[in-house]
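**Student:** Chain residues, written in single-letter form:
There are 2 protein chains.
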Amino acid sequence: IGHHICKLPGRVMGIRLLRFSSVVIFLLLLVAGALMALLPNTKDDKMPNLRREPKSQSQSALDSFTLVMQTYNRTDLLLKLLNHYQAIPHLHKVVVVWNNVGEKIPEEMWNSLGPHPVPVVFKVQTMNRMRNRLQIFPELETQAVLMMDDDTLISAYDLAFAFSVWKQFPDQIVGFVPRKHVSSSSSIYSYGSFELQTPGFGNGDQYSMVLIGAAFFHSGYLELFQKQPDAVHALIDETQNCDDIVMNFLVAKHTGKPSGVFVKPVDIRNLEKETNSGYSGMWHRAEHLLQRSYCLNKLVNIYNSMPLKYSNIMISQFGFPNYANHKNKM
Amino acid sequence: IGHHICKLPGRVMGIRLLRFSSVVIFLLLLVAGALMALLPNTKDDKMPNLRREPKSQSQSALDSFTLVMQTYNRTDLLLKLLNHYQAIPHLHKVVVVWNNVGEKIPEEMWNSLGPHPVPVVFKVQTMNRMRNRLQIFPELETQAVLMMDDDTLISAYDLAFAFSVWKQFPDQIVGFVPRKHVSSSSSIYSYGSFELQTPGFGNGDQYSMVLIGAAFFHSGYLELFQKQPDAVHALIDETQNCDDIVMNFLVAKHTGKPSGVFVKPVDIRNLEKETNSGYSGMWHRAEHLLQRSYCLNKLVNIYNSMPLKYSNIMISQFGFPNYANHKNKM
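Residue numbers (the UniProt record's numbering), protein chains in the order written: chain A, 1 to 330; chain B, 1 to 330.
Here chain A stands alone, though its shape is the one from the complex:
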């Protein structure tokens, strides 16, 4: 008799358990579904796989940028440029990547000529590597990085405008120097500038890369760069070149969009000829451009795809410097 009575509740409890669970599951799926449908489109800081926001997310970390400038054998140019760049609006800090291995940083001189508008940090490197500048420096607090070659001067106007443009395209490289690749019929790629044939998409020309030696990009891409296969880092070390081509590959792969947005500079200057060091920069090496074509093909091989996309968007500042630069004769 005890048996009989106890079995019934058991079975009943079993059925009730099943029904209760089903109801719970159904309700939770409804809630999950509703949440997914109502989820707002938060695209502003949505950078999956990129570095998490720094803890001290002050307003300045969002409204300002960090200048990262790598330097080798052109300290005279560096110091000229630092005087210019330290005064750029919205600059948070300068990180100088000191590739002069074994040479003392000019910190004493720098401090003796203070005060300075922003902190400047000299990061001493143990090896003279091109990709040193793509490290994740702890001093980097802003979302935006402005990367500059140590022989390039761009006006404050151009930089202020390009920074405002980057804020509208934060997942792309917004910069001043466009380049492109072209493909032969046998899918061998070549690297070049506008003197190369156009890629053949309609009228005009196209670019597929924006060089990082004069550009803004999201600091999260540094983290993404560090995570790339060893073969990629080895390629950059082997050529002492192509770090910017790699960055363009990364961004294109990550976004599915053209990697860069080209902002036409009003005042950009190459100070190479003004150095007393006699050193004139890597791009003067005879093999420089051939190396870059070589890098394109190696990277396509490593990634098993060509992610670079073409763009023909050229951005200028409305009404500047000529207040009627948008006027058209109707």
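Any given hint might turn out to be false.
No copy labels: a pair is met if it fits in one copy or bridges any two.
Straight-line alpha carbon distances no greater than 20 Å define the calculated EDC-like cross-link-like pairs of lysine to aspartate or glutamate that follow [claimed, not checked]: (1) K257 x D171; (2) K104 x E223; (3) K257 x E238; (4) K257 x D63; (5) K93 x E107; (6) K327 x E195.
Simulated from the structure, these hints should not be mistaken for lab results. Since we're looking at a predicted model, the values are computed, not measured.
We have chain A; now place chain B onto it with these hints.
**Tutor:** This is chain B only, laid out in the frame that chain A set:
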């Protein structure tokens, strides 16, 4: 004894039920959380409140645009322009909004001069209203609308490029004629072009509107326009003006972004002087500009806000028409 044995299982079942349910709930919350985190950023066709995709969503409906051209008292210009526009690449169809009330459409003549590259539909209007062109025409099958004044000629190159730009900014008005508003200290607004003071945001000038008489925009905004308060439609009818200012208000409110993206035209022509009709267009009326300032203030009153936002982005085509138009002297 039966009592004793049965109670125990009941309590045990109760506890098991609780534990089981808790585990289920926990697992489902995990799943929901994971789903929310992994949700991809689908921003491409995300146009809430805009018209649902037409049922026959052929490739052409996505890759092409519909020209909507309203015409009044300048049939000679219209016919000149139709010969030009009918041949523009990616054009799907032309809708001519026939504001010549009581006058026969030139359909016979049009047909006798066929065949034509695309269909041209003449929509006969019962009243000569400026906002007639903002109706939801059933013939409109494409996502993109190209709206043109009946005295404006823009080259095929410009249009092909601007259409490609619109596809990158589908929720904004992408066009060739920028305008701006300025605000007095008493929040009275004035309308004008670049000869007005700059709004004072940094260097250069800013625009806050792109006129729809030479622009691409999403057809969904026509639906949004129709849903506006009667006072808005009445304002347009009262002034026979300002429909474009209203559209810019709509887009700015809807997107929270600047309403327009300005593409600098290479070849834009005003054919007003070439008409035999003696009719020279609404903007020659003495009160035209004052009306537009009036409209700004009325609309701010109706909407209880000023949604227009400034932009200084000017877009040109890379390497066209001058293949080295992006070259900078370094």
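**Student:** Hint by hint, say whether it matches the structure.
**Tutor:** Status of the hints after comparison with the structure:
When the C-alpha separation of K257 and D171 is checked against a cutoff of 20 Å, the pair qualifies both within a copy, at 9 Å, and between copies, at 18 Å. In this assembly of identical chains, K104 and E223 lie within 20 Å of each other by CA distance neither inside one copy nor across copies; the values are 28 Å within and 67 Å between. Within a single copy, K257 and E238 get their C-alpha atoms no closer than 29 Å, and across copies no closer than 46 Å, so neither meets the 20 Å cut-off. For the homomeric pair K257 and D63, the shortest alpha-carbon distance between copies (18 Å) is at most 20 Å, but the shortest distance inside one copy (25 Å) is not.
In this assembly of identical chains, K93 and E107 lie within 20 Å of each other by CA distance solely inside one copy; the values are 15 Å within and 68 Å between copies. For the homomeric pair K327 and E195, the shortest alpha-carbon distance between copies (11 Å) is at most 20 Å, but the shortest distance inside one copy (29 Å) is not.
The structure fails to meet hints 2, 3 from the earlier list, while all remaining hints are met.
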